[in-house]
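Listed below are the residues making up each chain.
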Amino acid sequence: MPVDVRLPTVLRSQTGGQSTVSVDASTIGEVLQRLVTEYPGMSGQLLNDDGSLHRFVNVYVNDDDVRYLSLLDTPVKDGDEISILPAVAGG
Amino acid sequence: MAPYDSILDLIGNTPIVEISQLSPNPAARILVKLEGRNPGGSVKDRVALSLVEQAEKDGVLQPGEPGQVLIEPTSGNTGIGLAMVCRVRGYHLKVVLPTNVSVERRQLLELWGAEIIESPGSEGSNGAVRRARQLADEHPEWVFLYQYANPANPKAHYEGTGPEIWRDCPDVTHLVAGLGTSGTLLGAGRFLKEQNPRIQVWAVEPPSGEVVDGLRNLDDGYIPPIFEELGGRELLDRKTVVRPRESIEWTRRLTEVGLFVGISSGAAVAGAVKCANQLAAGEDAVIVVVSPDDGWKYLSTGAWTDDLDDVAERAKSIIYF
Numbered sequence: 019m020p021v022d023v024r025l026p027t028v029l030r031s032q033t034g035g036q037s038t039v040s041v042d043a044s045t046i047g048e049v050l051q052r053l054v055t056e057y058p059g060m061s062g063q064l065l066n067d068d069g070s071l072h073r074f075v076n077v078y079v080n081d082d083d084v085r086y087l088s089l090l091d092t093p094v095k096d097g098d099e100i101s102i103l104p105a106v107a108g109g
Numbered sequence: 178m179a180p181y182d183s184i185l186d187l188i189g190n191t192p193i194v195e196i197s198q199l200s201p202n203p204a205a206r207i208l209v210k211l212e213g214r215n216p217g218g219s220v221k222d223r224v225a226l227s228l229v230e231q232a233e234k235d236g237v238l239q240p241g242e243p244g245q246v247l248i249e250p251t252s253g254n255t256g257i258g259l260a261m262v263c264r265v266r267g268y269h270l271k272v273v274l275p276t277n278v279s280v281e282r283r284q285l286l287e288l289w290g291a292e293i294i295e296s297p298g299s300e301g302s303n304g305a306v307r308r309a310r311q312l313a314d315e316h317p318e319w320v321f322l323y324q325y326a327n328p329a330n331p332k333a334h335y336e337g338t339g340p341e342i343w344r345d346c347p348d349v350t351h352l353v354a355g356l357g358t359s360g361t362l363l364g365a366g367r368f369l370k371e372q373n374p375r376i377q378v379w380a381v382e383p384p385s386g387e388v389v390d391g392l393r394n395l396d397d398g399y400i401p402p403i404f405e406e407l408g409g410r411e412l413l414d415r416k417t418v419v420r421p422r423e424s425i426e427w428t429r430r431l432t433e434v435g436l437f438v439g440i441s442s443g444a445a446v447a448g449a450v451k452c453a454n455q456l457a458a459g460e461d462a463v464i465v466v467v468s469p470d471d472g473w474k475y476l477s478t479g480a481w482t483d484d485l486d487d488v489a490e491r492a493k494s495i496i497y498f
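Line by line, the protein sequences give chains S and V.
19 is the number of the first residue of the first sequence in my numbering; add one for each residue after it.
178 is the number of the first residue of the second sequence in my numbering; add one for each residue after it.
Hints are computed from structural coordinates only; laboratory data are not their basis.
We treat Cβ as the ideally placed atom computed from N, Cα and C, and that holds for glycine.
Heads up, a few of these hints could be off.
Derived lysine to aspartate or glutamate pairs resembling DMTMM-like cross-links, with alpha carbons at most 20 Å apart [stated by the list, open to error]:
hint, chain 1, residue 1, chain 2, residue 2
1, V, K332, V, E287
2, V, K451, V, D414
3, V, K370, V, D348
4, V, K493, S, D91
5, V, K332, V, E433
6, V, K451, V, E242
7, V, K451, S, E99
8, V, K451, S, D81
9, V, K451, S, D98
10, V, K332, V, E318
11, V, K451, V, E426
12, V, K451, V, E433
13, V, K451, S, D68
What follows is a list of derived Cβ distance ranges for each label pair [said to hold, decoys possible]:
hint, chain 1, residue 1, chain 2, residue 2, range
14, S, Q36, V, H269, 44 to 50 Å
15, V, D483, S, N66, 39 to 45 Å
16, S, G97, V, P402, 37 to 43 Å
17, S, Y86, V, P402, 45 to 51 Å
18, V, E460, S, S88, 26 to 32 Å
19, S, L87, V, E460, 14 to 20 Å
20, V, G244, S, Y86, 26 to 32 Å
For reference, chain V alone in the conformation it holds in the complex (with noise of 0.2 Å):
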């Protein structure tokens, strides 16, 4: 093999494991794809990288200038990817982040010199992408490249982990993957389709909404603009929620056939099984399940080795998707 480059030339080609052991149902086929084999550990940096080039292309950043300052709202991975990229471009990176994140995400983003904005908690994910847009305003001269309303978020998926997967599993017939962006199911939902418009593409949430306390009303409610804009409604065709006991029950259960991912790759397999589960008599699947990252990011909150009702009260309280 040949040396490459960058280490950003390592982002993307992940690879896809069959884990049909783990499948309630012999006619349904489960396959999971590793995005922790990414080199920043996770399916955003992807994203990362497609945000930072197709700003630099739109003159947005000028790679080698000094002084460029981007700022992102993010409850951990799309910063984490960010900061690897920022660090090896050259550019300093502000991340707005809720403090109910787990320790090593902090960590992650601290080790490639992001400079971390604390978010309230209690507000989740919606509070930090309100606190970056209202300091994007207040500095006209920062880079917001605002990942829930880029194109170039789900071009990354639509590009890249789609057509990977169509070319190592082409007998795919749904795609299930997390829902927090959308960008992932958007982008790879959105190609996959287009080869086999019969393709099922399933989305799984955590019951986040449950625990942002931090909302006056439900008009603080939050949709991602790539979703509503890219036609995210039409586009899927069930959205599920995994709490979290079940999706770190799955978590603990990849651990069977040697998988060490995090929570939220455990709810998204979690939701193959109920796809899997829901087949019509007679009908066959090849069940593809997007894994965002590994579990190394997650070992700080016990969720292999703790007592499995304390964990799954703890998660009800971190941000892990």
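So here's chain S without its partners, still in its complex pose (with noise of 0.2 Å):
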């Protein structure tokens, strides 16, 4: 099912400066996929060689933090917003 995904300025050059676009989804894993797949140069800055989560890299549905869900297995459904943030200092 269709799931928007807010992206960060430092990808938004491989999606010609979209800021938001849908994929077809069912968990979180599948998300990232379907972005690797249709934008390439996404690849080595998502996950990592193995298809982990790259440490760098915060997952959200609805705002929660998928590595406080169920990591890659986080459910996704039609209507939820995920967000993909590039972990920042603070303080």
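Using the hints, build the complex out of the two chains.
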């Protein structure tokens, strides 16, 4: 089913400047695989060679970090909003 | 009350106030720990004092010896706390500060004598960290306390914030706090879980990475070394993003119960409300939220006075965490 994915500025060069793209997926792992297939320039940025999530990438379903849900197995459904954000410092 | 010897003796022991009137769930009490009551105006006074005292204990800093220089990257509050501590202790502080922080943050640094070295706002705190590390390498004679990698940061919360919450609110079930350096969550969260392993620790963060457009790629990302080295990943139960508009809405709503706190406090309370909304049926909760600072430093942003849409838009380009 289609879900919207919000992209950070640093990834928008891959999508011709689009800040949100729509992909068909039922888990976060599928969302990321679809993105990498459609925008090959994102491949090394989002996922490691072994398919795990890159350490500096945070992925959120409705603003909850998937690392504290079920990581790549976290389910997504129609209407969910997915966001990808780079890890940045605060403080 | 006996007079204090130094303003630094007033750091810590901040009050907790109940704001359950604003809770969306009658089964969830919400209480706020007001860190703006620290003398330098934020939770970071605890960290600043802990970093300096540890360096003095380790002999890295020598109290009373002239000409000692410290350098630190900060988006504001740690720098402000350090500026106050350094002024009292007689050290010269250089702060690497992104350009996009509120004018009050700059003024507070300057009034306590800190020297500001600007880093590009487009690079956010990551840029400030990078620049400070570079300067520290070029000037080995400067003392680089590096709050992001210094265990004295979470130690301040393990020995202060956490025990105070446990003392004042022993029925706490959830701790909700902002994730910046991760010091508050690591220190207070670990202490509370040691007292009661069922306590849940929730981190709230702003969507900073969305607007930090100075990153060349995601490899420019940054995770505080203390978060990884001290098991932050395993300690946290949830991590949630609160966006600028919601942060400001809650910052405003808090005035209904008389609280005048900073925008990151609004974000933390929004996180607590989300937590209250997600309780299972029949579950009771006592949610303690750490409010990092008061509202004074954000008056110039128009957070309470201007049109909400305008303020939310502006907040996307300033660092308020």
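For each hint, the structure was consulted:
Taking the CA atoms of K332/V and E287/V, the gap is near 27 Å; set against the 20 Å cutoff, the hint is violated. Between K451/V and D414/V, the direct Cα distance comes to roughly 14 Å. Compliance with the 20 Å bound is thereby established for this hinted pair. Of the pairs offered as hints, the one joining K370/V and D348/V holds, with about 12 Å between alpha carbons and a cut-off of 20 Å not exceeded. At roughly 31 Å between alpha-carbon atoms, K493/V and D91/S are farther apart than 20 Å, so this suggested pair is violated.
Proposed proximity of K332/V and E433/V is contradicted: the alpha carbons are some 34 Å apart, above 20 Å. Between K451/V and E242/V the CA atoms are separated by roughly 50 Å; this puts the pair beyond 20 Å, and the hint is violated. For the hint linking K451/V to E99/S, the alpha-carbon distance of about 16 Å falls within 20 Å, and the restraint holds. The hinted pair formed by K451/V and D81/S meets the criterion: a straight-line CA distance of about 11 Å does not exceed 20 Å.
At roughly 16 Å between alpha-carbon atoms, K451/V and D98/S fall within 20 Å of each other, so this suggested pair holds. Annotation: proposed proximity of K332/V to E318/V is violated, straight-line Cα distance about 26 Å (limit 20 Å). At most 20 Å may separate the alpha-carbon atoms for a hinted pair to count; K451/V and E426/V meet this at roughly 14 Å. Pair hint K451/V plus E433/V holds up; C-alpha atoms about 19 Å apart against a cutoff of 20 Å.
Of the pairs offered as hints, the one joining K451/V and D68/S is violated, with about 34 Å between alpha carbons and a cut-off of 20 Å exceeded. Checked against the hint of 44 to 50 Å, the C-beta distance between Q36/S and H269/V comes to roughly 48 Å, which is consistent with it. Between D483/V and N66/S the beta carbons are some 44 Å apart, a value that agrees with the proposed interval 39 to 45 Å. A hinted range of 37 to 43 Å for the beta carbons of G97/S and P402/V is consistent with their spacing of about 38 Å.
With their beta carbons about 20 Å apart, Y86/S and P402/V fall outside the hinted range of 45 to 51 Å. Between E460/V and S88/S the beta carbon distance is about 21 Å. The supplied range of 26 to 32 Å is therefore violated. The supplied range of 14 to 20 Å is met by L87/S and E460/V, whose beta-carbon atoms lie about 19 Å from each other. For G244/V and Y86/S, the hinted distance range of 26 to 32 Å is not satisfied, since their beta carbons lie about 47 Å from each other.
In summary, the structure is inconsistent with hints 1, 4, 5, 6, 10, 13, 17, 18, 20 from the numbered list given earlier, while agreeing with the others.
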